Amino acid sequence: MQKTYYDPADLRKFGKISDWNEELGSKFFEYYNSVFKEGHLTEREKSLIALAVAHTIQCPYCIDAYTGDGLQRGITKEEMMEALHVASAIRGGASLVHGVQMMNKVNKLDL
Amino acid sequence: MLKSLHKRHSELAQSKRQLEILSNGIFQNGDLPKFKDKIAESNQFPLRAKKLEILQINVGYMCNQVCAHCHVDAGPDRKEIMTKETMLQCLEVIKNTNAHTLDLTGGAPEMNPNFRWFVEEASKAGIQDFIVRSNLTIIRANKKYHDLPEFFKKHNIHVVSSMPHWTKGKTDKQRGDGVFDKSIQALKDLNAVGYGMPDSELRLDLVYNPSGAFLPGNQTALEKDFKKALWDDFEIQFHNLLAITNLPISRFLDYLIASENYEDYMYALVEAYNPNAVKNVMCTNTLSVSWDGYLYDCDFNQMLNLPINSKVKHISEYNSETIESRSIVISQHCYGCTAGAGSSCQGSVT
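Chains as they are written, first to last, in the working numbering: chain A, 31 to 141; chain B, 118 to 467.
Calculated directly from the structure, the hints in this document are not laboratory data. Careful, some of the hints might be misleading.
[As the list claims (entries may be wrong)] Which stretches of chain B does chain A cover? Using the computed rule of at least three CB atoms under 8 Å from a CB of chain A, they are:
| no. | region |
| --- | --- |
| 1 | 208-221 |
| 2 | 250-261 |
[As the list claims (entries may be wrong)] Restricting the straight-line Cα-Cα distance to at most 25 Å, the calculated cross-link-like pairs of lysine-lysine (DSS-like) are:
| no. | chain 1 | residue 1 | chain 2 | residue 2 |
| --- | --- | --- | --- | --- |
| 3 | B | K201 | B | K271 |
| 4 | A | K107 | B | K151 |
| 5 | B | K299 | B | K261 |
| 6 | A | K107 | B | K290 |
| 7 | B | K290 | B | K341 |
| 8 | A | K43 | A | K57 |
| 9 | B | K133 | B | K196 |
| 10 | B | K341 | A | K76 |
| 11 | A | K43 | B | K151 |
| 12 | A | K67 | A | K43 |
| 13 | B | K167 | A | K107 |
| 14 | B | K345 | B | K285 |
| 15 | B | K151 | A | K46 |
| 16 | A | K107 | B | K341 |
| 17 | A | K107 | B | K430 |
| 18 | B | K287 | A | K107 |
| 19 | A | K76 | B | K287 |
| 20 | A | K43 | B | K153 |
| 21 | B | K299 | B | K260 |
| 22 | A | K67 | B | K345 |
| 23 | A | K67 | B | K344 |
| 24 | B | K120 | A | K67 |
| 25 | B | K196 | B | K430 |
| 26 | B | K151 | B | K167 |
| 27 | A | K76 | B | K299 |
| 28 | A | K107 | B | K344 |
| 29 | B | K345 | A | K76 |
[Said to hold, decoys possible] Label-pair restraints from in silico Cβ distances:
| no. | chain 1 | residue 1 | chain 2 | residue 2 | range |
| --- | --- | --- | --- | --- | --- |
| 30 | A | Y91 | B | G142 | 20 to 30 Å |
| 31 | A | P90 | B | S376 | 17 to 27 Å |
| 32 | B | G311 | A | S118 | 45 to 55 Å |
| 33 | A | N51 | B | S444 | 17 to 27 Å |
| 34 | B | K153 | A | K67 | 31 to 41 Å |
| 35 | B | E441 | A | Y91 | 43 to 53 Å |
| 36 | A | Y91 | B | A346 | 25 to 35 Å |
Small disclaimer: the values here were computed from a predicted structure and weren't measured. For glycine and all other residues, C-beta sits at the position ideal for the given N, C-alpha and C.
Start from the sequences, fold in the hints, and give me the full structure.
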């Protein structure tokens with residue numbers, strides 16, 4: 031039995047997900063590929079969004095994939111880190127903004 | 118400054134050792150298919166040469182730079198320089214060939230002491246597209262090279278220059294400290310005499326090689342980003358960006374192995390294999406001539422010491438009929454030219 035839950039080599043096997051359900055797997059990958067095509071946003075912008083989201087959901091496969099994708103597109107490490115701080119700010123802000131609930135409750139209960 | 122593999126007496130300075138690595142391991146145990154078997158899947162083996170269109174001449178391995186990814190293992194310590202005698206043999210072929218493109222490369226071709234004479238003589242042959250692959254910094258390296266932009270202009274040379282990124286950090290990491298600033302100055306010098314201007318016939322193209330163990334992205338998108346950044350930051354203009362995949366040989370192979378990226382990189386190349394790119398790989402319409410006049414299917418095969426599969430081995434024996442029907446010599450490094458949109462000295466091939 032493997033000693034870790036994640037194996038970097040498994041990322042290369044992502045496509046095999048369709049082996050056990052061809053219809054849904056194919057639909058997913060068709061959708062996935064369409065999402066990342068240039069639209070109102072450039073492919074470069076979408077790659078940075080994907081990298082930030084990958085860190086937010088803490089998916090090691092996605093971090094691996096979109097760090098490599100960013101390098102291929104000429105995205106610099108400074109741009110990548112800025113994108114991560116956006117993710118971090120939203121994630122941190124999501125905790126902090128709930129402080130308003132805490133404050134409301136304290137204000138209601140406290141003399 | 119980084120030293121060449123030859124200077125370091127690295128075992129990878131030997132082409133035989135490189136070919137062993139490329140044929141063993143993941144390619145021997147069946148994890149990945151050999152290139153020969155892969156192209157056979159689409160009935161493209163053996164790969165055959167077509168009509169000669171590009172004559173690429175390597176006039177020497179000496180260079181003022183020691184780039185981390187260099188497939189030539191070029192550097193200041195390399196003494197392999199084409200002689201005038203070999204140049205004369207090349208000129209005979211240039212005058213008689215129907216190839217539309219003459220492509221001078223190195224090392225830094227300008228460092229060959231007979232470079233200017235050779236360009237002057239070769240330009241008399243009326244070749245349609247006469248390329249010199251200039252590393253840019255040579256133009257700023259020494260006063261004697263400062264007039265190269267004017268010299269190129271005089272002979273209507275198509276200048277193709279390397280620029281791995283529009284930022285200093287990434288460029289210097291691949292090509293050496295201070296290369297970015299000198300390259301920017303050289304590009305300004307080229308622009309100043311008319312190279313790279315939108316309507317100018319003085320062609321200036323940039324070559325993009327990834328600065329690490331990853332494949333190049335979309336050539337068109339990269340060109341757009343390069344053009345915007347170089348214009349916004351430096352008011353520099355150029356015509357086309359040629360995205361070239363780093364092939365796993367020589368110093369780039371050394372880097373891949375040292376950084377433990379070799380297997381992942383080979384997987385990436387094989388997974389990105391594009392059978393449509395095989396139809397247009399440059400070896401089928403190119404002939405590479407080494408500094409000592411020997412013939413190869415491409416510059417990469419030259420560095421791996423894989424001569425053409427023909428009775429004719431040397432430029433002095435050149436015979437178009439024999440050359441054009443040859444089968445191309447291949448190994449696993451060829452995956453570098455068939456990944457994604459394909460790669461050649463002229464950029465993407467699909």
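Okay, the hints, checked on the actual structure:
Chain A is given as covering the region 208-221 of chain B, and this is violated because 0 residues of the stretch bring a CB closer than 8 Å to a CB of that chain, at least three being needed. Here the region 250-261 of chain B counts 0 residues with a CB under 8 Å from a CB of chain A, which misses the bar of 3, and the coverage is violated. Note on K201(B) and K271(B): the hinted pairing holds, with a Cα-Cα distance of about 22 Å set against a maximum of 25 Å. With a C-alpha separation of about 35 Å, the suggested pairing of K107(A) with K151(B) is violated against the 25 Å cut-off.
Taking the CA atoms of K299(B) and K261(B), the gap is near 15 Å; set against the 25 Å cutoff, the hint holds. Under the criterion of a C-alpha separation no larger than 25 Å, the hint pairing K107(A) with K290(B) is consistent with the structure, at around 13 Å. Distance check on the hinted pair: K290(B) and K341(B) sit about 23 Å apart at the alpha-carbon level, within 25 Å; holds. As the CA atoms of K43(A) and K57(A) are separated by approximately 17 Å, the hinted pair is consistent with the 25 Å bound.
Between K133(B) and K196(B) the alpha-carbon distance is near 21 Å, which keeps this suggested pair within the 25 Å criterion. Taking the CA atoms of K341(B) and K76(A), the gap is about 16 Å. The hint holds against a cut of 25 Å. Under the criterion of a C-alpha separation no larger than 25 Å, the hint pairing K43(A) with K151(B) is consistent with the structure, at around 20 Å. A threshold of 25 Å between alpha carbons decides the hint, and for K67(A) with K43(A) the separation of about 22 Å falls inside it, so the pair holds.
Taken as a hint, the K167(B) and K107(A) pair is broken in the structure, with Cα atoms around 43 Å apart against an allowance of 25 Å. Taken as a hint, the K345(B) and K285(B) pair is honoured in the structure, with Cα atoms around 16 Å apart against an allowance of 25 Å. For the suggested pair K151(B) and K46(A), the alpha carbons sit about 22 Å apart, so the restraint of at most 25 Å is met. The suggested pairing of K107(A) with K341(B) holds, with an alpha-carbon distance near 19 Å, which does not exceed 25 Å.
Restraint check: the Cα-Cα separation between K107(A) and K430(B) comes to about 47 Å, which exceeds 25 Å; the hinted pair is violated. Distance check on the hinted pair: K287(B) and K107(A) sit about 10 Å apart at the alpha-carbon level, within 25 Å; holds. Between the alpha carbons of K76(A) and K287(B) the distance comes to roughly 22 Å, so the proposed pair stays at or under 25 Å and holds. For a cut-off of 25 Å, the pair hint linking K43(A) to K153(B) stands: about 24 Å separates their Cα positions.
Restraint check: the Cα-Cα separation between K299(B) and K260(B) comes to about 13 Å, which is no more than 25 Å; the hinted pair holds. A hinted pair counts as satisfied when its Cα atoms are at most 25 Å apart, and K67(A) with K345(B) qualifies at roughly 21 Å. At most 25 Å may separate the alpha-carbon atoms for a hinted pair to count; K67(A) and K344(B) meet this at roughly 21 Å. Among the hinted pairs, K120(B) with K67(A) is inconsistent with the structure: their alpha-carbon atoms are about 42 Å apart, more than 25 Å.
A distance of roughly 22 Å separates the Cα atoms of K196(B) and K430(B); the hinted pair therefore holds under the 25 Å criterion. Of the supplied pair hints, the one linking K151(B) and K167(B) holds, its CA atoms being roughly 23 Å apart against a limit of 25 Å. Among the hinted pairs, K76(A) with K299(B) is inconsistent with the structure: their alpha-carbon atoms are about 34 Å apart, more than 25 Å. Taking the CA atoms of K107(A) and K344(B), the gap is about 20 Å. The hint holds against a cut of 25 Å.
Note on K345(B) and K76(A): the hinted pairing holds, with a Cα-Cα distance of about 19 Å set against a maximum of 25 Å. Against the hinted window of 20 to 30 Å, the Cβ-Cβ separation of Y91(A) and G142(B) comes to about 25 Å, which satisfies the hint. One distance hint, 17 to 27 Å for the beta-carbon pair P90(A) and S376(B), holds here, with the actual separation near 20 Å. A hinted range of 45 to 55 Å for the beta carbons of G311(B) and S118(A) is consistent with their spacing of about 48 Å.
Taken as a hint, the range 17 to 27 Å is violated for the pair N51(A) and S444(B), whose Cβ atoms sit roughly 44 Å apart. Range check, K153(B) to K67(A): Cβ separation about 34 Å, and the 31 to 41 Å hint holds. Between E441(B) and Y91(A) the beta carbon distance is about 48 Å. The supplied range of 43 to 53 Å therefore holds. The supplied range of 25 to 35 Å is met by Y91(A) and A346(B), whose beta-carbon atoms lie about 31 Å from each other.
Hint check: violations occur at hints 1, 2, 4, 13, 17, 24, 27, 33; the rest are consistent with the structure.
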